[in-house]
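Student: Throw the hints in and build the complete structure from the sequences for me.
Going down the list, the sequences are from chains W and D. Residues 0 to 344 in numbering that gives the first Met the number 0 are what the first sequence lists, from first letter to last. Residues 0 to 344 in numbering that gives the first Met the number 0 are what the second sequence lists, from first letter to last.
A few of these clues could be false.
Just the calculated beta-carbon pair ranges, DEER-fashion [unchecked claim]:
hint, chain 1, residue 1, chain 2, residue 2, range
1, D, 191, W, 76, 47 to 55 angstroms
2, W, 300, D, 19, 40 to 48 angstroms
3, D, 263, W, 7, 52 to 60 angstroms
4, D, 196, W, 287, 48 to 56 angstroms
5, D, 74, W, 74, 26 to 34 angstroms
6, W, 76, D, 215, 25 to 33 angstroms
7, W, 303, D, 261, 20 to 28 angstroms
Just so you know, these hints were derived from the structure itself, not from any lab. For glycine and all other residues, C-beta sits at the position ideal for the given N, C-alpha and C.
Here is how the chains run, residue by residue.
There are 2 protein chains.
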Amino acid sequence: MQSDNQILVPAAELEQRVLGELTRAGASQASANAAVRALMHASLLGVDSHGVRLTEHYCRMMAGGRINRNPQITVRRTAAGSAMLNGDDGLGHYAAYKAVDLGMEIAGEHGIAGVGIEHSSHLGAAGAYAVAGAERGFVTFVTTNTDSMVALFDGAERFHGTNPLAFAAPVPNSRPWLLDMATSSIPMNRVLLHRSLGKELPAGVAADAEGNPTRDPDAAEMLLPLGGEEYGYKGAGLAGVATLFSALLTGTTLDPDFIPMYGTDNDHDPRNMGHYVIVIDPAKFVGAELFGQAMHGYLASLRGAPARPGRSVMAPGDREWAEAERRAANGISIDPDTARFLKVR
Amino acid sequence: MQSDNQILVPAAELEQRVLGELTRAGASQASANAAVRALMHASLLGVDSHGVRLTEHYCRMMAGGRINRNPQITVRRTAAGSAMLNGDDGLGHYAAYKAVDLGMEIAGEHGIAGVGIEHSSHLGAAGAYAVAGAERGFVTFVTTNTDSMVALFDGAERFHGTNPLAFAAPVPNSRPWLLDMATSSIPMNRVLLHRSLGKELPAGVAADAEGNPTRDPDAAEMLLPLGGEEYGYKGAGLAGVATLFSALLTGTTLDPDFIPMYGTDNDHDPRNMGHYVIVIDPAKFVGAELFGQAMHGYLASLRGAPARPGRSVMAPGDREWAEAERRAANGISIDPDTARFLKVR
Numbered sequence: 000m001q002s003d004n005q006i007l008v009p010a011a012e013l014e015q016r017v018l019g020e021l022t023r024a025g026a027s028q029a030s031a032n033a034a035v036r037a038l039m040h041a042s043l044l045g046v047d048s049h050g051v052r053l054t055e056h057y058c059r060m061m062a063g064g065r066i067n068r069n070p071q072i073t074v075r076r077t078a079a080g081s082a083m084l085n086g087d088d089g090l091g092h093y094a095a096y097k098a099v100d101l102g103m104e105i106a107g108e109h110g111i112a113g114v115g116i117e118h119s120s121h122l123g124a125a126g127a128y129a130v131a132g133a134e135r136g137f138v139t140f141v142t143t144n145t146d147s148m149v150a151l152f153d154g155a156e157r158f159h160g161t162n163p164l165a166f167a168a169p170v171p172n173s174r175p176w177l178l179d180m181a182t183s184s185i186p187m188n189r190v191l192l193h194r195s196l197g198k199e200l201p202a203g204v205a206a207d208a209e210g211n212p213t214r215d216p217d218a219a220e221m222l223l224p225l226g227g228e229e230y231g232y233k234g235a236g237l238a239g240v241a242t243l244f245s246a247l248l249t250g251t252t253l254d255p256d257f258i259p260m261y262g263t264d265n266d267h268d269p270r271n272m273g274h275y276v277i278v279i280d281p282a283k284f285v286g287a288e289l290f291g292q293a294m295h296g297y298l299a300s301l302r303g304a305p306a307r308p309g310r311s312v313m314a315p316g317d318r319e320w321a322e323a324e325r326r327a328a329n330g331i332s333i334d335p336d337t338a339r340f341l342k343v344r
Numbered sequence: 000m001q002s003d004n005q006i007l008v009p010a011a012e013l014e015q016r017v018l019g020e021l022t023r024a025g026a027s028q029a030s031a032n033a034a035v036r037a038l039m040h041a042s043l044l045g046v047d048s049h050g051v052r053l054t055e056h057y058c059r060m061m062a063g064g065r066i067n068r069n070p071q072i073t074v075r076r077t078a079a080g081s082a083m084l085n086g087d088d089g090l091g092h093y094a095a096y097k098a099v100d101l102g103m104e105i106a107g108e109h110g111i112a113g114v115g116i117e118h119s120s121h122l123g124a125a126g127a128y129a130v131a132g133a134e135r136g137f138v139t140f141v142t143t144n145t146d147s148m149v150a151l152f153d154g155a156e157r158f159h160g161t162n163p164l165a166f167a168a169p170v171p172n173s174r175p176w177l178l179d180m181a182t183s184s185i186p187m188n189r190v191l192l193h194r195s196l197g198k199e200l201p202a203g204v205a206a207d208a209e210g211n212p213t214r215d216p217d218a219a220e221m222l223l224p225l226g227g228e229e230y231g232y233k234g235a236g237l238a239g240v241a242t243l244f245s246a247l248l249t250g251t252t253l254d255p256d257f258i259p260m261y262g263t264d265n266d267h268d269p270r271n272m273g274h275y276v277i278v279i280d281p282a283k284f285v286g287a288e289l290f291g292q293a294m295h296g297y298l299a300s301l302r303g304a305p306a307r308p309g310r311s312v313m314a315p316g317d318r319e320w321a322e323a324e325r326r327a328a329n330g331i332s333i334d335p336d337t338a339r340f341l342k343v344r
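Tutor: Structure below.
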């Protein structure tokens, strides 16, 4: 069951292994369950960088004390539609799912909810939480800022993180519409992959130490924002939106000020990471039923639109949900290090 | 006072001329004032395509009956945080400003507001309304869908509009942070400009009739989404976000179903355009004062970041606000057709 050194593991087994290791590392049941759910979301949908391979990192950070193994989440309700949730420096997945739960409760009553999250940590794939809202019938937006990795437009140092914006919308009797996008064109591990393969990068995705765009993976010191050399001010602005919501509205750490996620001796100080969640109840706008019909009509028209020669047209999430179905049936490939840590075979 | 056939007009005079023509066309005082405010926002900030040149179009649509000259806006409060606003087919600017006003009222009490707008029309630059909220201390998001103009990722027909996402945030004693971006790389009038100049287009911004990317402005039949040939699925997804909020949550017209804004004999049927506004009160999250301090710190760090050789780094909106200052002092250049319509000189 190997290909390219990858090891194929049935999803249910992988889930149990991840839960086992998080539990062994001392994670409370609630926070371990949340992390497993989010990691499996990413690993099933094909976002391996944010999937089960992070288990070892989280366990190490719980051992070091950066991540609180038994967080007691507290909520400050500031108004009918708004709240601040304090993650007590636990696993970010736990805080983020709790924020969406709270957001749904608020939005179900008041139409819309804004929940800021403080004292959290890395949350994996932001889309996991947007999907959690959409699966219950809510349009959901989730964002977080992250470690500096991306130049500003025409900038010459890492400033914003790859700061994701994740949106999901319910589709009756179907998987949610899902857009979970980094505001850079590619992630840094794509650069590392090209480096190890000695393969040129696409144009406009990375820059050298002076901020000049480069296609040489060895010279690449930072990512460029979505839009590349000409229109990267849009991607940089969107990275700013993630920071605006996640860090500025919550009073948490700015992208350049994070204790690094990796590559630091400091595994004991919490990073006070922030996230932000907006949950909207379609019932309080056009109405749940009409919204469902409109989603179906829109998606039918989108998926039926003509494609350019040799290509096909998909709705956001279509590729990921198809991959999730394949992986649920055939198993999930993991790298040898992760297999070793999870004691798979 | 000419350059390239453009005519330079003092801002105050231009404002009076636009108001005069809208009033002469029968626009109610309230809706004319709103349109003037939004058109002047765009013309001052340098977004000429969405500025005073649209006055003639709006006047023609009021004459034809597509746009209601004396709209009676109605509001349906659906919950504490949510509302649907019916623009009564009047000028979109009037409905959009009213929606932000209502959003601020709601958010001031409940922390966050979601306002859907139906039975509206073209609103000019979405950023005008985001700024209106930010100038009063609120983080504000405004979006609208528009006439089909942009291919899907790998698509071969115009599907989404250039669907803008506009975000603004208050900065104490300063102009707001402002991101008002189309989800295509360029607008269609840029293609027309290149066509008239016989100048090649940048790569990855437009496609021919089969959906294949082209740099030939004469072959360009549609725009490509932000992200271009490789990462355009992100721009296409963001265009979908605009449609999700503006059309699907409000039950209004989908991008491909609009009666065309231009180039149609039908100037009498309303287009039932939708928009969506989210207003957030920072006081209900980190707190207004801390938020203001955080914005200042963030912007100082951003503007002080090193730039690549020969370039400079700016925050979203910096370029536009500087242009607005220049234009307020020196006047606003308008094209000869607009000058004729506005009876300038």
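Student: Now tell me if each hint is right for this structure.
Tutor: Checked hints:
no., hint, result
1, 191/D to 76/W: 47 to 55 angstroms, "holds (52 angstroms)"
2, 300/W to 19/D: 40 to 48 angstroms, "holds (42 angstroms)"
3, 263/D to 7/W: 52 to 60 angstroms, "holds (56 angstroms)"
4, 196/D to 287/W: 48 to 56 angstroms, "holds (50 angstroms)"
5, 74/D to 74/W: 26 to 34 angstroms, "holds (31 angstroms)"
6, 76/W to 215/D: 25 to 33 angstroms, "violated (58 angstroms)"
7, 303/W to 261/D: 20 to 28 angstroms, "holds (26 angstroms)"
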